[in-house]
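K.L.:
This is what each chain is made of:
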Amino acid sequence: MSSLSLAVRDSSTMLRRNLLHVRRYPSLTLNLLLTPIVLLLLFVYVFGEVMSAGIGGGGADRSAYLAYLVPGLLLMTIGSATIGTAVSVSMDMSEGIIARFRTMAIHRGSVLVGRVVGSVLQSVAGVVLVGAVAVAIGFRAEGATALEWLAAFGLLVLVALALTWIAVGMGMVSPNAEAASNNALPLIVLPLVSSAFVPVEAMPGWFRPIAEYQPFTPAIETLRGLLLGTEIGHNGPLAVAWCLGLTTLGYFWSKSLFNRDPR
Amino acid sequence: MPSSVMSTSNSSGGPRPPAAVSAVGLRKSYGDKTVLDGIDLHIPAGSVFALLGPNGAGKTTAVKILSTLIGADGGRAQVAGHDIATSPQAVRAAIGVTGQFSAVDGLITGEENMLLMADLHHLSRREGRRVTAELLERFGLTDAAKKPASTYSGGMRRRLDIAMTLVGGPRIIFLDEPTTGLDPRSRHNMWQIVRELVSGGTTVFLTTQYLEEADELADRIAVLHDGRIAAEGSAGELKRLVPGGHVRLRFTDPAAYRSAAGALREAARDDEALALSIPGDGTQRELRSLLDRLDSAGIEADELTVHTPDLDDVFFALTGGTDQTSEEAVR
Chain A
1 MSSLSLAVRD SSTMLRRNLL HVRRYPSLTL NLLLTPIVLL LLFVYVFGEV
51 MSAGIGGGGA DRSAYLAYLV PGLLLMTIGS ATIGTAVSVS MDMSEGIIAR
101 FRTMAIHRGS VLVGRVVGSV LQSVAGVVLV GAVAVAIGFR AEGATALEWL
151 AAFGLLVLVA LALTWIAVGM GMVSPNAEAA SNNALPLIVL PLVSSAFVPV
201 EAMPGWFRPI AEYQPFTPAI ETLRGLLLGT EIGHNGPLAV AWCLGLTTLG
251 YFWSKSLFNR DPR
Chain B
1 MPSSVMSTSN SSGGPRPPAA VSAVGLRKSY GDKTVLDGID LHIPAGSVFA
51 LLGPNGAGKT TAVKILSTLI GADGGRAQVA GHDIATSPQA VRAAIGVTGQ
101 FSAVDGLITG EENMLLMADL HHLSRREGRR VTAELLERFG LTDAAKKPAS
151 TYSGGMRRRL DIAMTLVGGP RIIFLDEPTT GLDPRSRHNM WQIVRELVSG
201 GTTVFLTTQY LEEADELADR IAVLHDGRIA AEGSAGELKR LVPGGHVRLR
251 FTDPAAYRSA AGALREAARD DEALALSIPG DGTQRELRSL LDRLDSAGIE
301 ADELTVHTPD LDDVFFALTG GTDQTSEEAV R
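Chain order of the listed sequences is A and B.
Per the UniProt record's numbering, residue 1 is the first one in the first sequence, and the count goes up by one each step.
Per the UniProt record's numbering, residue 1 is the first one in the second sequence, and the count goes up by one each step.
Any given hint might turn out to be false.
From the structure, some residues in chain A lie toward chain B, with a derived Cβ separation under 7 Å [said to hold, decoys possible]:
#1 S2
#2 T13
#3 L15
#4 R17
#5 V22
#6 R24
#7 G96
#8 A99
#9 T103
#10 M104
#11 A105
#12 E212
#13 K255
#14 L257
#15 R260
Here's a subset of chain A near chain B, in silico, CB distances under 8 Å, partners left out [as the list claims (entries may be wrong)]:
#16 I97
#17 V189
#18 G205
#19 R208
Each pair of labels, with its calculated beta carbon distance range [to be verified]:
#20 I98/A - T151/B: 16 to 26 Å
#21 P209/A - G106/B: 19 to 29 Å
#22 I98/A - S234/B: 51 to 61 Å
#23 L185/A - D219/B: 52 to 62 Å
Simulated from the structure, these hints should not be mistaken for lab results.
Just so you know, these numbers come straight off a predicted model, no measurement behind them.
Don't be surprised by glycine CBs; every beta carbon is placed ideally from N, CA and C.
Isolated chain B (complex conformation):
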């Protein structure tokens, strides 16, 4: 278990799996403004990685650099095993990018957009038509295929955008805020799409400002704040970075309460409510050992609840949110 907020946990300790994306000390500034101030990343192939941060944290800049759209001022990065600075074309051949702003050609139809991508991936005419029809079907755009993309709704445009990204069968996909501006239904659709991509073995690098989204989708999350990675880990690991997790046992029988308090010496007592708080990170292992101790001591609580700080607490604690939430997070 990580002991400090800044540590990045890689608790397995074994050899690292091959990285789809790795970066060391990536830096970028625009004029005086430093947007990325030394970013290190290691994203295993086949996983979902979320770069989480508020607006202006540098998420889009990171995606632009890793997808070879712009150059970095310092640091190195490899994507799909190729250096982004020295072999950008090899990187481009392995990736698909769906930017924050729609990258579809509004003047032509959805189908023509897809066929354009097929041509640029040098698919044969027949193969291009097949892939186009398949992806339009998969993303629910078959009915709208012959309409100009400019007439599409926000959710449809985003789906077309991703469908276009998938034409070449990229191994690594960058999704820059894929659900920003979408209604809840479209957002859930998008989540489903991401899950399907991953089940097909694709590595997904997504940025989001929604903690819930990172929690839902990502294997690993990095919190980007002021151009630096403030913390990295699984959603659970991040939550455990913030103190405050505990298991609460509540009793109705004062005798049972007293004997439990005697058995669990580390517990904080709340004599009025007949409740005990046992600090912990809320992992299954820890919970099991606690239950074992309760069983062997013959204690039966009337109510057991696990309290973990949620990602909001983590986020605010790491990125210096409002005072109130910081207090809550360190409580």
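Next up, chain A with everything else stripped away, as it sits in the complex:
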């Protein structure tokens, strides 16, 4: 068997294992989806009036804020899902089964690749679920063309890939599940301090650079532009650059951690 087909075959076996875990124990995944959904409902139905007044230059109703909020929450869904990745990776790495995989003649990277593909699929499924909730409570992106929808989807997958590789590394440096969930906290805190909930212009001046150039804001602004027709500008290339950078970093980091001798 060629090394590529070996890699594909073993990775898909590992993917099946991870998806089996999700199917058997869906609660971890569903719990992580709860955060973005609760935030969505809270901000729209409880704070919606005030928030809408803040963004639309006055006079906007709740639906204007719903439209503003959804792109950020979709990305937050990914951040939240990848916390689950970090936790399950750290749990998995402490199990003897990973040591077993290391002593088998399988493609070495397949353990990580299977994990990452599984987590990206999970994130995308989460995005679809949260998106469906958003649509159910009135979110519409009527102006978007098919190409823009496709680009939006591509962006979400790219973000999921980048954050998942980072989360895998975080999971591997964490000695246990608690540490992993703490280490992965930035993945859910960063969206809070991005343009997800309020525009960057509405933040204090000293904070704006932080909010503007962190990975989530460019991605959120790009997604907003694709779905709602707002200005994308430099955010598009910036978002893609962040994603590629984080993916590369996370990939090499995780790989070198995995190739270290286990304790």
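Place chain B on chain A using the hints.
P.N.:
Same frame as chain A, but now just chain B:
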């Protein structure tokens, strides 16, 4: 017969059979702590080898290195004819490893664990199902096949662990303390499993801290102490490394006793008990020659007992156990 404690006996003297595992000068340290301090091994294919030692002697480290889980700091080793450092994948293709800590996926069922192994060995779906069903049956896990492995008892987990190790039909199996933590019944089951593996031609490398276990299972035993191999040989050879073996003849008739003592000049006399102790290693050959001498001298003892030091004596003598047992061993 080995004359010094450190010697490793290979009394046949002929050409060595092909080695399943061979190592020269394996070393490993963690920080300042030297765990393996130059280990040499030669394990013939198809045999059972036991690495015996107390906790912390370096047994698990040796298994981890030979099974390519971690790298050695020095020395060389070949497993199934492949260098562990330069062709780890070829080594992995030939071995099966059951570590000290359970290597099963607790979140999925026993059957799914087996099918996972079948997939990773690139068996066809049909072949995978066949092997899975066969091994689950063989290890008494058919009834529990559909239950999550996390619900298994210790003995069941260990059996599943070994069943998973066997999926690819490995030629060499490493078992790191296969019976630690098992109840006596499960331990005997495990012994039976090891014997069956060997009868099928598999080479087994096992570690244990139980002398009895090494004695039961292993063709050859190496005693690991402080990162070095303190002695190596068959259970019998090891026992004979420690002085103290003798044959004791007891008589009820003082006349018979005296004539026997006259015929066996090397015997230590115990005139009060009317008993003679003839030093020896307790081998069949030696015993036969002794009996021949007794027969030809027309001596009939009322009681004959063979005393060999047991492995405990050997173990304590080699690894510097408590004073009391050392005294016993060198008595």
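K.L.:
Decide, hint by hint, whether the structure agrees.
P.N.:
Comparing the hints with the structure gives:
Nearest Cβ of chain B to the Cβ of S2/A: about 12 Å, over the 7 Å cut. The hint is violated. At its closest, the beta carbon of T13/A sits 4 Å from a beta carbon of chain B; the interface hint therefore holds under the 7 Å criterion. Annotation: interface hint on L15/A violated; nearest CB of chain B at approximately 11 Å, more than 7 Å. Hint status for R17/A relative to chain B: holds, with the closest Cβ pair at about 6 Å, below 7 Å.
A least Cβ separation of about 10 Å between V22/A and chain B goes past the 7 Å threshold, and the interface hint is therefore violated. Evaluation of the R24/A hint against chain B yields a held restraint, the C-beta minimum of about 6 Å falling below 7 Å. Satisfaction of the interface hint for G96/A is found here, the shortest Cβ-Cβ separation to chain B being roughly 3 Å, below the 7 Å cut-off. Look at A99/A: its Cβ gets to within about 6 Å of chain B, closer than 7 Å, so that hint holds up.
Because the beta carbon of T103/A sits about 4 Å from the nearest beta carbon in chain B, less than 7 Å, this interface hint is met. Restraint check, M104/A versus chain B: the minimum CB separation of about 6 Å is within 7 Å; hint holds. A cut of 7 Å between beta carbons decides the hint on A105/A: the least distance to chain B is about 4 Å, and the hint holds. A cut of 7 Å between beta carbons decides the hint on E212/A: the least distance to chain B is about 42 Å, and the hint is violated.
Hint on K255/A is violated. Least Cβ distance to chain B is approximately 17 Å, over the 7 Å limit. At a threshold of 7 Å, the smallest CB-CB gap from L257/A to chain B is about 15 Å, leaving the interface hint violated. With a least beta-carbon distance of about 9 Å to chain B, the hint placing R260/A at the interface is violated under the 7 Å criterion. The interface hint given for I97/A holds, since its Cβ lies 5 Å from the closest Cβ of chain B, which is under the 8 Å cut-off.
Given hint, V189/A at the interface with chain B, is violated; its Cβ is 29 Å from that chain's nearest Cβ, farther than 8 Å. With a least beta-carbon distance of about 50 Å to chain B, the hint placing G205/A at the interface is violated under the 8 Å criterion. Hint on R208/A is violated. Least Cβ distance to chain B is approximately 45 Å, over the 8 Å limit. The hint said 16 to 26 Å for the Cβ distance between I98/A and T151/B, and at roughly 21 Å that hint holds.
Distance hint for P209/A and G106/B: a CB-CB separation of about 47 Å, inconsistent with the stated range 19 to 29 Å. About 37 Å separates the C-beta atoms of I98/A and S234/B, a value inconsistent with the hinted range of 51 to 61 Å. Against the hinted window of 52 to 62 Å, the Cβ-Cβ separation of L185/A and D219/B comes to about 55 Å, which satisfies the hint.
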